[in-house]
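Those protein sequence lines, which keep their order, are chains A and B. Heads up, the first sequence is in the UniProt record's numbering, so the first residue is 1 and it goes up one at a time. Heads up, the second sequence is in the UniProt record's numbering, so the first residue is 1 and it goes up one at a time.
Among these hints, one or two may not hold up.
Result set (DSBU-like, lysine-lysine): computed pairs, CA atoms no more than 30 Å apart in a straight line [unchecked claim]:
#1 B/K346 <-> A/K154
#2 B/K240 <-> B/K61
#3 A/K160 <-> B/K61
#4 A/K154 <-> B/K240
#5 A/K92 <-> B/K193
#6 A/K163 <-> B/K346
Derived from the structure by calculation, the hints contain no laboratory data.
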Amino acid sequence: MILDSVKDILSARFDDGVIIGEETSGLQPALLINPEQIADVCLELRDNPATYFDFLSCLSGIDYGVTTNRFGVVYHLASIPYQTQLTLKISKEHTRDINDLPSFPTLSNVYRTADWHEREAYDLVGIYFEGHPDLRRILLPDDWIGYPLRKDYKAAEYYKGIKVD
Amino acid sequence: MTALERYHRKIAEAATQDMILNMGPQHPSTHGVLRLELITDGEIVKEVIPHAGYLHRCFDKHAENLTYQQTIPFTDRLDYLSSMNNSHIWVMGVERMLGIDKDIPKRVEYIRVLMCELNRIASHLISIGTYGIDIGAFTPFLWCFRDREHIMGMLEWASGSRMLYNYIWIGGLFFDLPVGFEERCREFVEYFKPKMTELNELLTNNQIFISRTANVGVLPMDVAINYGCSGPMLRGSGLKWDLRRIDNYSVYGELDFEVPIGTGAMGTTGDCWDRNKVRVDEIGESLKIIEQCLDRLQKELKRTPEFDPRAKLPRRLAPKAQDYYMRGECSKGELGFYFIADPTGKSEIPFRVKARGPSFNNLSVISEISKGVMIADLIAIVGSIDFVLGELDR
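Isolated chain B, as found in the complex (with noise of 0.2 Å):
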């Protein structure tokens, strides 16, 4: 018997003792197209079973077929709550397989990352405001799309469009910044601090978020581990896991900042709370590196007429036949792409590309932690884990 065949059995037995519910695909709370099916007894999930692949547009078929650099719009709209950090992660991907990764501008570096966190803050700003509204709390959905707007601003002001950058290019940018980001930055950064602080004390340390979250969907650190979760999930679970700081790529290794983890402060380690806690510190976190990036951009980095993010361009860029895994810390966590470049070693087509998403290894421990929950625990669940659909399909 296939598996297949196995899991309609499953399905038509389930029916006639217990009920199956279908959460999803158009499901507000499944932040996307996915499907999850429920085998229920009354208010208890006993078994969740997700369907996904309804958003597949083929990646890795794509990428076959287009040069490294065509293919870095495609990248964009993986995750595309955090299109700058898929950009960035392909980028130094195909620059350390053509060797020129050390050769990247020091300005461009800290343009790409200054980018990069502040895309970060903006997609951990859509986490919370809709893991509020899922679970009931709608006016923190609103202010953290008013503050996610400013940002959304800014990056259109520096590439042109709001979500789907295109900005990070291989071997450098785009196009610098704009005359006056780095004040406007600064202006943002000035404005938003405080407003955390509201919005912690309106959703974070509010006692009804606290009673719907805290020890609900409690991921153990090794379950976490050997699902392959990681970024906000494996965090959440109390292990200090941040590529940015184990890899140290780009110029993270020369910036300051902490890895926040969960520590179970209202329930269990690797709850609900620790993981949307772990994402709400994370914006402080992002908000200091982009005050240091300011720093490095406004002194000794300072924007020169004759600056050009493109003057490292590589003319050809077909890498030498090899195979490459590049990781790096997406918003989602681990975001990884497995290039094998062309054999022949003249083609700028790669051979094969692999994108590993974080979400898609996150969504797969759902079936695990969401055992004998009561259905309404499980959007709890589904909210904390933060995933984006444009990515789980690819």
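Looking at chain A on its own, in the form it has when it is part of the complex (with noise of 0.2 Å):
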């Protein structure tokens, strides 16, 4: 299986603590990456020439609701050599607080398609990504206050100043 050799790889390239742990219960695996390394692991997936994950087919961030308060961040690889797929996740805790925000390193010195993603995970979602060389909104006008997709979003009522009905 594809997500034993990449454990393998990961834990003979890297200390005990960067899986935490797996999820197999679905019909795509994934494996949940300490936060911290998570671009040092993406960078070996990627030269490694057993994996060469070299396509980041997609980057989400999440939000997994008011009663968990976690963040975290999905990424969907795929390697064209091998016609493969991975799920790597991370997340962590967090108090919701818009002017402090959860903080994730970036991917996008790793996979530059990870630029426009995590400016839209910043812009709807509200994840700062650390080391991001512009990370300004993308999809929303740069004065937007608070960030929609948020499970506890409530839409504004004003919009510099006409109501919004």
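Join the two chains into one complex using the hints; note that each chain is given alone, in its own frame.
See the structure below:
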């Protein structure tokens, strides 16, 4: 299985703490990675000749709900030479304070795809990516307040003094 | 200093030395409401800063508040030029989560693929036609739209709507093909084949067109992969990567077609001409797929009075708690939907959905491949990317 070989590679290359756990119940098993090391893990998986996960299909910022107060990022990698897919997940607890966003390392140095996807996650879910070269809002206007895909988001009543119906 | 302040300072400083030129959001060659902010030095583009979001319609947020079935019309409006492909991929993702993807009748699958390929041709025709208009060729645009109108008419006949179909449903179809559709479709294929030769003579192999597009906006393969480009963008750079072949989803595994790639026939591999040529070739491959689908639909999978395309519609659409990433080949590239089903496993409304649009990733490479080009060449590059703002902004 692809998941086992990835685990072997990662445990040979990194310390024990890098893989926090795994989810094998669904159709697509996923590895839970230590958030601090995600960029190193992806760089290793991208350049290792045994895996070559060179294509970042999708990057999603997730708010796991008001009861759990967890924020996470899900990465869907694909390997073009081997035609395989892999899901990596990172997450951490956070207080939902919109002035102090949950923060994860950026992946844009490894995959340039992550650049715009991380801007989108920042824009809509309110996740900060450390080391991102240009973390501006991408879909919403620059002066938007709040992060609409958060589960506790309330639609604003006024936008620039105009009542929203 | 925040990223926003850095951006404002960059624009302020550039304005003293260079010229800031806004292309869009109402510029016709941006194919929608995309604003490109150019930092120019005379005719040379030093930097391109794209500003997206003018067409943001909160797809992800809507999908969190509607059931899987109710979201299908919203997926139609993502890439509104190839709505069938969008809803096909959405529907396949939900069916796999429900575990009913193996129970779908073959006739339904073939009708879906037939519709998707017709829609793919229509989308590529728009791409080629408007690309011609962008760089000064008006006639091919009219020819492309004339032929596309036949497809629109057929799809309207089947689904009742010209562009936004809501035809493919979870577990089946809205309706079986109308009587006589297969014959009409064959007629169209016969009519359309020589038209492609004409179009190639007029546009693709036209010396003026080649001069405007060859060796312009060269996208090397490694850059394309690193930026997550897919579809004709990636294949134009010379990589055989088509999810219809890689994943063999639906019935594509049973169909015989080639994956055209860019070869640098007129210049460098990965230039604008190659990307356009890949689309032209894909139309031919789609025609091949359509003919094979029609063969099957008229012989072993014939229409019968008791056939009901809604027979397998699930009564309850509540997948158990899981998350799933479904990817498929839309006309622009890899369209992906990332579903997180409701954690209780009882709700028909997903907890979170993220759409990964091909246009979004394909456009992000523009600032990389248009450094130091002339402004007129930038138009050629933008046209060759073939993005749809409805999907870029979601």
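Hint-by-hint comparison with the structure:
1. B/K346 <-> A/K154: 25 Å, holds
2. B/K240 <-> B/K61: 35 Å, violated
3. A/K160 <-> B/K61: Distance ~22 Å between A/K160 and B/K61 Cα, so the pair holds.
4. A/K154 <-> B/K240: 46 Å, violated
5. A/K92 <-> B/K193: 56 Å, violated
6. A/K163 <-> B/K346: 37 Å, violated
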